[in-house]
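Asks: Chain residues, written in single-letter form:
2 protein chains.
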Amino acid sequence: MKQIEGGVVAAKGFKAAGVRAGIKESSSKKDMAMIFSEIPCKAAGTFTSNVVKAAPVKYDMDIVNNSPFVQAVVVNSGVANACTGEEGMKNCEELAAAAGKALNIPEGAVLIGSTGVIGAKLPMEKMTDGIAKLAGELGSTPNDGTMAAEAIMTTDTVSKEIAYELEIGGKTVKIGGMCKGSGMIHPNMCTMLAFITSDVSISKEMLTEIVKADVKDTFNMISVDGDTSTNDTMLVITNGMAGNPEITEKNSDYEAFAKALKEVNTFLAKKMAGDGEGATALFEVKVTGADTKENAVKVSKSIVTSSLVKAAIYGHDANWGRILCAMGYSGVEFDPDKVDIFFESRAGKLKIVENGIAADYSEEEATKILSEDEVTAIADMKMGTESATSWGCDLTYDYVKINADYRS
Amino acid sequence: MKQIEGGVVAAKGFKAAGVRAGIKESSSKKDMAMIFSEIPCKAAGTFTSNVVKAAPVKYDMDIVNNSPFVQAVVVNSGVANACTGEEGMKNCEELAAAAGKALNIPEGAVLIGSTGVIGAKLPMEKMTDGIAKLAGELGSTPNDGTMAAEAIMTTDTVSKEIAYELEIGGKTVKIGGMCKGSGMIHPNMCTMLAFITSDVSISKEMLTEIVKADVKDTFNMISVDGDTSTNDTMLVITNGMAGNPEITEKNSDYEAFAKALKEVNTFLAKKMAGDGEGATALFEVKVTGADTKENAVKVSKSIVTSSLVKAAIYGHDANWGRILCAMGYSGVEFDPDKVDIFFESRAGKLKIVENGIAADYSEEEATKILSEDEVTAIADMKMGTESATSWGCDLTYDYVKINADYRS
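Protein chains in written order, with the working numbering: chain U, 2 to 409; chain X, 2 to 409.
Don't take each hint at face value.
The list makes no distinction among identical chains, and a pair is therefore deemed to hold if it is satisfied within one copy or across any two copies.
[Stated by the list, open to error] Here are the simulated EDC-like pairs of lysine to aspartate or glutamate, each with C-alpha atoms no more than 16 Å apart in a straight line:
(1) K339 <-> E87
(2) K54 <-> E87
(3) K205 <-> D338
(4) K25 <-> E355
(5) K134 <-> E355
(6) K251 <-> D336
(7) K369 <-> D63
(8) K287 <-> D218
(9) K54 <-> D338
(10) K25 <-> E250
(11) K59 <-> D338
(12) K91 <-> D63
(13) K263 <-> E295
(14) K402 <-> D318
(15) K59 <-> E250
(16) K260 <-> E108
(17) K25 <-> D341
(18) K369 <-> E87
(19) K54 <-> D336
(20) K271 <-> E375
(21) K59 <-> D336
(22) K383 <-> D292
(23) K383 <-> D336
(24) K25 <-> D130
(25) K54 <-> E334
(26) K122 <-> D361
(27) K402 <-> E364
(28) K350 <-> D381
Since the hints were made in silico from the structure, they are not lab data.
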């Protein structure tokens, strides 16, 4: 598997664009993106588990489940189109109709994504103008992919895209993706929007299976602030143009594509966590020696979500008591007197806790390790062989600043 | 019921003191407190639900359950004596022995409370010196109660105490309490230490019952940061010196004392939430119209805990979408299209959301309401008649600052 350029346009037959439609009124930033495939695609997706689902989430769930194929995705940033009642649903339909017309495809082949302020209504005139503009600017150079990745950003500080190529059934298959996400990021599909494109040939059933399994280890393992958004969406669309024998069962080709998707999504998920609102460091939490996978996940998420742990990471402070404390209220039963805790980064690895009490370590050494921009905490529960890894970020002044006046 | 002076020394027969023992090395603040009753007391308590329980929590659970009576409480701030293994338990025993000797009571009549840094060991020499000093300074003036309340503070900015007197069985009964708590404050007994004294005459069985019921509506309904501490403790000790007929069944005297305890604990709980680390406002969340009490509690806590909601409160921003979003991931099923949301404070009351979408309200008016130092959000789920109220605070730069370098 080789990393290549191009993000969502890396795969054969895909085009993209990103423009400024004026949705973010007070900013000169791009705010609409489009992905288009020359030929019809299969689609699979996972969506927020929040009871309050944004209109585009409900809309896309219906399209993914019931539409014979999809061929385009239209995404806007600035307004989430969540908590907007019936009008919100109608607006999704109108956007899909406008895109269908502009691209000469059925409106049922258009998926919609939105991220931004909850409760506000979409500025439909600006957006239909934006769709026309997007359709005219579609292209397949790496720059076009980047323009799209930039247009879906809200409080993100960097655009997030990646692509790989690999061999499946003697053919070169490409897969690429882009995502956005910075605040309101928490397990169970996070606003987190991720769009993955591939030219792999695969049955809808197998694609759906891969996507469902994948998200558990990737996007559902990141948390910026514990807030599960109303808009979280991860969509994978594939057009089969790579020409590999269609994947219709769980054979080695299936495994190869699953591995590639995991690579893409792990990259994007970590990138999102490290770009958490106000973050200065990516914070990785590995739990090992758990009795069950479920418990490993629970403990790992409890640590990565703790405001106190996150603030300590920001302060480069090896305050391991907060880690043990967060494990303790995770809801998982374990023996605190068995736990070992390590900190690790490019600067080294250090055992901080042995059998539940402080190991004999140097605070200076610990601070050095915690001063890197990617920091890992490892908690060994010594109960079994299961493990889980989650990703988050530190809690900083800037997180508060960004969220105290997000709307203004 | 009348509010009176004196905190933990308001009730007949109780004395207290607060001194500086030098546990907080880099500070000149008081760090040890003692409460003493002239005669033996009954005790009841509730303790952290964290699997990782600090040594003093385990120690006190044993005393409350097995000791025939208690007569003193020794509390230190600065070091939590949590995650300290067997040595931590041994240190509790030594402190109790030292206090027993100084006060001429059995060591089994001494309760221990600790709050501060997890993982560090108690500086025993300083603390046994501190106990001797405390025993010498015990007094029953309101100032003595305040000295004790000040000595248990960590990142608290104000000391927290209250007392009431009421009539039970023709006698004047007094009840008073003090608490500390600012960070690591979250449902399920929070470091949160609360000590309540009363001269009421009540059976241990009835006292235990009242305490258990009470905490659900008071201390377990506050959250500063979602982190359930290893040390949370609430203790009520009563010496019967008021001379009322002993409360041995759930009669009107029982109800009267339960109401007084609830008044004390609600006051202390709100005071703690409003003094949350870095907080500029007390944030109250009332959920009404829920189908079950349990669901009302879940939804209320989900809102009051959300980092995004809390940051919006800090910004005086009526970002109601975040409230609806937090309700949505609470784990409770409901119809978002039915929910009404209001903001209320001394400056007025405003309907912000009607039936799940924005009501026609003035942002200026909303900002005015949210600029007070006590702010209430009301969410009416319109499903039933159950309700719950929780308390928290806004999320500020200072929360991060305090917790990024708590140990240094």
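Asks: Could you run down the list of hints and mark each one as holding or not?
Replies: Results of checking the hints against the structure:
| no. | hint | result |
| --- | --- | --- |
| 1 | K339 <-> E87 | between (54 Å within a copy, 13 Å between copies) |
| 2 | K54 <-> E87 | within (13 Å within a copy, 50 Å between copies) |
| 3 | K205 <-> D338 | neither (48 Å within a copy, 33 Å between copies) |
| 4 | K25 <-> E355 | neither (51 Å within a copy, 26 Å between copies) |
| 5 | K134 <-> E355 | neither (60 Å within a copy, 36 Å between copies) |
| 6 | K251 <-> D336 | neither (39 Å within a copy, 39 Å between copies) |
| 7 | K369 <-> D63 | neither (50 Å within a copy, 42 Å between copies) |
| 8 | K287 <-> D218 | within (12 Å within a copy, 36 Å between copies) |
| 9 | K54 <-> D338 | between (42 Å within a copy, 11 Å between copies) |
| 10 | K25 <-> E250 | neither (45 Å within a copy, 65 Å between copies) |
| 11 | K59 <-> D338 | between (47 Å within a copy, 14 Å between copies) |
| 12 | K91 <-> D63 | within (14 Å within a copy, 63 Å between copies) |
| 13 | K263 <-> E295 | neither (19 Å within a copy, 39 Å between copies) |
| 14 | K402 <-> D318 | between (22 Å within a copy, 12 Å between copies) |
| 15 | K59 <-> E250 | neither (29 Å within a copy, 55 Å between copies) |
| 16 | K260 <-> E108 | neither (32 Å within a copy, 63 Å between copies) |
| 17 | K25 <-> D341 | neither (48 Å within a copy, 27 Å between copies) |
| 18 | K369 <-> E87 | neither (54 Å within a copy, 31 Å between copies) |
| 19 | K54 <-> D336 | between (39 Å within a copy, 11 Å between copies) |
| 20 | K271 <-> E375 | within (10 Å within a copy, 38 Å between copies) |
| 21 | K59 <-> D336 | between (43 Å within a copy, 14 Å between copies) |
| 22 | K383 <-> D292 | within (8 Å within a copy, 42 Å between copies) |
| 23 | K383 <-> D336 | within (9 Å within a copy, 43 Å between copies) |
| 24 | K25 <-> D130 | within (15 Å within a copy, 64 Å between copies) |
| 25 | K54 <-> E334 | between (33 Å within a copy, 12 Å between copies) |
| 26 | K122 <-> D361 | between (57 Å within a copy, 13 Å between copies) |
| 27 | K402 <-> E364 | neither (30 Å within a copy, 20 Å between copies) |
| 28 | K350 <-> D381 | within (14 Å within a copy, 51 Å between copies) |
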